[in-house]
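Engineer: One-letter residues, chain by chain:
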Amino acid sequence: MAKNKKNYNNIIAIGLFFFSIVLPSVVGEFSAELHMSEYFNLQYLLVYFFSFNRFKYFSISTLFILGLVNDSIVGTPFGISSAAYMLIYKIAVYQETIKLRTIFIAEWIAFGISIFITYLFILIAFYLIGRGFDYKLIIFNFLGSFFIYPIAWMILKSFFLKLERAGNE
Amino acid sequence: MHSDNSWFDKSILRTVTIFLISFSFIYLDSSNQRLFSKTKSFINDAVAYASYAITFPIKKIIETPAAVKTISKLKDEHEKIAILENKIQELSLQNEFLKKDFKKFENFLKEEKPFEFEAIQAKVISSTSNILANSFIVNKGSVDGVKQGSPIVKNNNLIGQVSEVNHSSSRAIFLTDINSRVPVVIGEQMYQAIMVGNPTKKNQLKLEFLPKNYQFQNGDMIYTSEIDGILKRGIVIGSLLIDSQEDKKGQDNYSIELNYGEKQIDYVSILIN
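First to last, the protein sequences are chains A and B.
With the first letter of the first sequence counted as 1, position 133 gets the number 132 in numbering that gives the first Met the number 0; the numbers rise by one all the way through.
With the first letter of the second sequence counted as 1, position 88 gets the number 87 in numbering that gives the first Met the number 0; the numbers rise by one all the way through.
Don't take every hint at face value.
With the C-beta cut set under 8 Å, the calculated list includes, among others, these residues of chain A facing chain B [said to hold, decoys possible]: (1) I59; (2) V73; (3) P76; (4) F77; (5) G78; (6) D133; (7) N140.
Worth flagging that the hints you see were computed from the coordinates, not collected in a lab.
Ideal Cβ positions, reconstructed from N, Cα and C, are used throughout, including at glycine.
Based on the sequences and whatever the hints tell you, model everything.
Structural biologist: As structure tokens, then:
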């Protein structure tokens, strides 16, 4: 009888994503000056990475619910984060299905395109509902998220590969 | 890592439906539909308390070293205070003049009643800051008498305003939030203006609708101006700092120094009446 191998990667991935949603409130309690989320968007980065690598539980309905949780915590209009996550998910899944070569640069550029579309969507939505925003901050956030992706990619890849190996042993 | 999606997950119908639900949520939220607001208020309560419960152990673990430090620091301070108290006692006993002066001061404190507002104490259960919002959640809601726009103070200084009231929790925005608008009175000249949050400005604040030919002085105090009975007149916000280096064209030569900035906040007072 084949031994059942336990693989916690998917649970850790969804846990990590949920933690990224509540992380600002944990950080905010200890340091009012440290606003990590102003420099890059960790959640967009994780959604793209996990969706592109087809992690289980990263489905459109899960992202919809997690988006609502994020909106509730952050205070943005309900549905904004859900739509943003789902947009990134759809682009990531599409990129994953059409990719011809598994080179990182292609994934990186695709990530850039997906978050660019997402930020554009947020700007349009905020403009239409008459909510204030600072476009400079959004541009810096976009650039920060884009340039930090390779570092995050390396960390996440090596972490989950190690976990997978440990699970297989 | 790879998982096979079910037929429903792949279907365009599912995607379109969920996207439509999201867009309708955005629309309903922005148009303040009563039924949606009530539902949202309960969801917000549930999420706020759940996230507080989830992050509570993490916060406590991180807090432990700082708490140990604080206890040892408090012990030292307590000893210093005890020494000072002894000195005061000695001096007051030795010098009758000082005793009289002290009595005068005591009477002054009794007579001088500062602004008295009805306030409720609230605990901050979550505080978030990102490029779209700079807010925090407190554990008091409509059942406690909190209203939209209610000012939030810490150490008698205004730190924010309630922007969204749920059943038993409320969201408040910091003064530095881009959507924050507070009517203020400035300095001895009592200039009226609106203080708005501006993330790209120095100290993230600026003044709008200032009268023509205004002239600020360094250290001019900023107080709130009354509006619709919700925001009370005379709550201290901060002071003005004049920067002579920034006299370039089109640039303001002042910055606003908040008395109580976005320091770590645990408990706040909400002025409800």
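Engineer: Against this structure, judge whether each hint is valid.
Structural biologist: Structure-based check of each hint:
1. I59: holds (6 Å)
2. V73: This hint holds: V73/A lies near chain B, its Cβ roughly 5 Å from the closest one there, short of 8 Å.
3. P76: Status holds, d = 4 Å.
4. F77: With Cβ-Cβ at 4 Å, under 8 Å, it holds.
5. G78: holds (3 Å)
6. D133: This interface hint holds because 5 Å falls under the 8 Å limit.
7. N140: holds (5 Å)
Of the numbered hints given earlier, the model fails none.
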